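Let's have the full structure, built from the sequences with the hints guiding it.
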Amino acid sequence: MVREGSSPGGSRPASVLAWFVPAAVTAVVAGVATATVPSQASTPVVWIGVVATAAVAVVTGELARRGRVIAELREQDVTQQEVLARQESESVRLSTELLPELVARLGHGEFPEDVLASMGEQLTRHAQEAGLTPEFTAAHEAVLRSMLDAVVAEEDLRDSAQRAFVNIARRVQAIVHQQAQELREMEDRHGHTPDVFGDLLRLDHGTALIGRLADSIAVLGGARPGRQWSRAVPLFSVLRGAMSRIIDYQRVELHSVSEVAVVGPAVEPLIHALAELLDNATRYSPPQTRVHLTAVEVQSGIAVEIEDGGVSMSEEARKRAERMLEQAQQGIDVNDLGETPRLGLAVVGRLAQVYNFQVSLRTSAYGGVRAVLIVPQDLITTAPATGRAHGIGASSGPLTARTEHTTPAPATAGPAQAAPPAAVRPVSAPVPAPAAPAAPVIPREEDIRDDFMDDLPPVTERSATGLPQRRRKTRATAPVASPAPPAAPAPVTASPAPAPDDAPPVQPGMWLAAFQSGLSGESQTSAPAGASGVAGAARESDESSEKSE
Amino acid sequence: MRPTERGTDVSDADQGWEDESPERLYVITGGRSGVSGKSASLDLVTLIVSKTGPRPGMQPEHATIMRLCHSPLSVAELSAYMRLPISVLTVLLGDLLSDSHVIARAPVPPAQLPDRALIEAVIHGLQKL
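Protein chains in written order, with my numbering: chain A, 1 to 549; chain B, 1 to 129.
The reader is advised that the hints may include incorrect statements.
As the list claims (entries may be wrong) - Here are some of the chain A residues that sit facing chain B, going by a computed Cβ distance under 8 Å:
id, residue
1, A174
2, D188
3, I210
4, V233
5, I247
6, Y249
Unchecked claim - Label pairs and their in silico Cβ distance ranges:
id, chain 1, residue 1, chain 2, residue 2, range
7, B, I119, A, I247, 54 to 64 Å
8, A, R323, B, R55, 17 to 27 Å
9, B, G125, A, Q181, 51 to 61 Å
10, B, L44, A, G222, 44 to 54 Å
11, B, G31, A, R171, 27 to 37 Å
12, A, R283, B, S98, 50 to 60 Å
13, A, S256, B, L44, 51 to 61 Å
14, B, G31, A, E101, 20 to 30 Å
15, B, L44, A, G206, 51 to 61 Å
16, A, A365, B, G31, 25 to 35 Å
17, A, H255, B, I119, 48 to 58 Å
18, B, I123, A, S256, 56 to 66 Å
These aren't lab readings, by the way, just hints derived from the structure by calculation. All values reported here derive from a predicted model rather than from experimental measurement. Idealized CB from N, CA, C, for every residue including glycine.
This is how it looks when you write it as structure tokens:
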């Protein structure tokens, strides 16, 4: 409308001409007709001519006007087509570029407000360049906003769902932990009744499996797998901890393990990741095959290898598994896990991402799958772990005593050591001395102990401090036994006799010899010296025989 | 073989056990509970003596038993030092026995100690002194 005056301006002379020519021609023709017709007919002809001319002029004038309108409309149509095309391309851009960008930026954790602000700015700039109306831009912004709201709402929903997950998992974990502790107490209490104990072990195992499931849920919910370990734990214990959380732990064969410890914060994740890998390995290999578990030191840390003899993974399956690991490292969508979730790899991937484990799956030499998990160097400590694994710190009893000695250091437990006895002897000898007046036979008993313990002084000490009940009793009755003729030694000879059957029965023999010499020979005062001499001799032969072994 | 944790262990002795180990007992015994087998003959006061020191490649618990039993120790004592239930220990000892790494000996039978009358006589004699 605005451009009406300008654009048809060029065509106006032509239309005026077109409007004039037919009217003029009609007028001329009418004039000619008036001139040629007889004079008495001229008047009507003139009238007809005038009317015809007028009619032609009106019709052509109307035609010309319409033609102009049509041209204008065409013009408008073209411009509107252009606008439409621009709007269309803008809409396409919205759907193909802006919305994905929006989702991606939200996915990276940007704040919805920031995203909306920058996207809106981008939108208006584009609209101005393209000459679009503000209404159109506003509409697009509204689309973005509602999209954003939807995404945020969805995200919130998922967050709260995950929180609920984690919350439940935490509760289960707490119960399981409690249960495990109680089971352990029960196991201690009923340790002497194998039937009950066996049942308790089975319960314990089941509880551990539940615990692992709860840990998996917690990990998928983005939380830590479970309890925290305040101190480093030996790798061996970590591996067995992982074994204790799978069903078929009996099929896992634990091979050489390097003597390192895992720092506290990484213990639980490592146990859990390994448990999942072990579970995978045992689950997807025939029940009669073994799964091999080893840990070796490598340049970048410790490589834990899990090898099974199951069905080998096809290249495609392997790729899929590795892709799953990778995906999991970027974050897990709980909705993606599907109806029968294979949580294992997802959990491993998640843990690997958080704790920088490197996980790879390859075809094993046994035909199955070989999973390698590399624990980075900074999660490893070479210092002997303070955490006491079962049995590892089991020398605690003797050790307590050993620290009471003044010269404990060289007294190692090495059986074939020649040097320690010299250091040990002075230590063990003075100890009984103060007790001698009260219990005269103690030295003799020392000798007995010494024969076995020439390089385990603590035990000697222990008998002096009277830690175990049983020994105390022996000592108390011993004074009476000594005057009694061979009554006391005889039963002793009788009882151990069947035991030293095949193997080098060095120690039992020495034990007896020392015992008897102690009984029969020395006076009470000279007992320590004489006894130690005997024991020394015995020890020497003991050592030599041990060396020959 | 694990290095023996000397100094550190002493300070740990009073720590709660559950805080210390992620592994459960059934893994240590391989799922056995000591119902049958050679270990059945063991009782609390059976004395255990190892024939050699621990060997490389042994399970840590086995190694510890070998180390501790360098001198004869009763099963009960072993159980206390290692803080393992008796059943676990009997399973472990059963393994070692069947590989003849250790020898089990019956304890000194208490009945064969000097008879009570004699002891009482001595006590009376001492009291009269």
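Do the hints match the structure? See the list:
1. A174: This hint is violated: A/A174 lies away from chain B, its Cβ roughly 14 Å from the closest one there, beyond 8 Å.
2. D188: Cβ of A/D188 sits 5 Å from chain B, so the hint holds.
3. I210: violated (13 Å)
4. V233: holds (6 Å)
5. I247: violated (11 Å)
6. Y249: holds (6 Å)
7. B/I119 to A/I247: 54 to 64 Å: holds (58 Å)
8. A/R323 to B/R55: 17 to 27 Å: Once the Cβ atoms are compared, 45 Å apart, the range 17 to 27 Å for B/R55 and A/R323 is violated.
9. B/G125 to A/Q181: 51 to 61 Å: For A/Q181 against B/G125, whose Cβ atoms are near 54 Å apart, the range 51 to 61 Å holds.
10. B/L44 to A/G222: 44 to 54 Å: The hint (44 to 54 Å, Cβ to Cβ) holds, given that B/L44 and A/G222 are roughly 50 Å apart.
11. B/G31 to A/R171: 27 to 37 Å: holds (29 Å)
12. A/R283 to B/S98: 50 to 60 Å: violated (31 Å)
13. A/S256 to B/L44: 51 to 61 Å: violated (34 Å)
14. B/G31 to A/E101: 20 to 30 Å: violated (56 Å)
15. B/L44 to A/G206: 51 to 61 Å: violated (29 Å)
16. A/A365 to B/G31: 25 to 35 Å: holds (27 Å)
17. A/H255 to B/I119: 48 to 58 Å: holds (56 Å)
18. B/I123 to A/S256: 56 to 66 Å: Roughly 59 Å apart at Cβ, these two residues keep to the hinted range, so it holds.
When each numbered hint is compared with the structure, violations occur for hints 1, 3, 5, 8, 12, 13, 14, 15.
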